[in-house]
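Please put together the full structure from these sequences, using the hints given.
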Amino acid sequence: QKQWKKYEWNNKIRKAVWRGASTGHTVKFPDGSANFTSLPRTQLVLHGIQRPDIMDTDFHKLVGRFKGQEKSLSHITKLGEKIKFQDFMKYKAIIDIDGYGWSSRFGSLLCTNSVIIKVQPGYVDYYFNTTQPWIHYVPVYSNLTNL
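With UniProt numbering, letter number 142 in the sequence shown gets 142, and the count goes up by one each step, no holes.
In short, the hints are calculated from the structure, not lab data. Treat the hints with care, as some may be off.
Claimed, not checked - The calculated label-pair distances, taken between Cβ atoms and stated as ranges, are:
{"id": "1", "residue 1": "I135", "residue 2": "V63", "range": "28 to 38 Å"}
{"id": "2", "residue 1": "Y126", "residue 2": "S74", "range": "34 to 44 Å"}
{"id": "3", "residue 1": "G68", "residue 2": "E8", "range": "37 to 47 Å"}
Where a beta carbon is used, it is the ideal one built from N, C-alpha and C, also for glycine.
Structure below.
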């Protein structure tokens, strides 16, 4: 509750926020290369680029097969500053999206006084089935068409 008082609803930034790394499964081509834009997290960042008035979404680093490609991918995406967990609570909404596996911060996000926008997970933690869409989080399709 101490954090809730620090980040009162009326003083929060009127945007949804997400920061993370370029983890997740991509479309792979026969030559072994991967399509960066097929990464669900890339799609989320692109939504934020298109709608900066309502979303603050950035990668804070590129990892895996995209590590070191910041310059060559700069025309597609952008890198932002990493945000400390408690600073996510400055925003009215926090987006949660899987990477290579389930989102390990979902449980902690439920303890914030922000709206949690949960992209339909491919993997879930043991407690996920005890949560309910539209009560504990706002559900979003995995293809982000209803974001």
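How the hints compare with the structure:
Against the hinted window of 28 to 38 Å, the Cβ-Cβ separation of I135 and V63 comes to about 33 Å, which satisfies the hint. The beta-carbon spacing between Y126 and S74, approximately 39 Å, falls within the hinted interval of 34 to 44 Å. For the pair G68 and E8, the supplied restraint of 37 to 47 Å holds, since their beta-carbon distance comes to about 42 Å.
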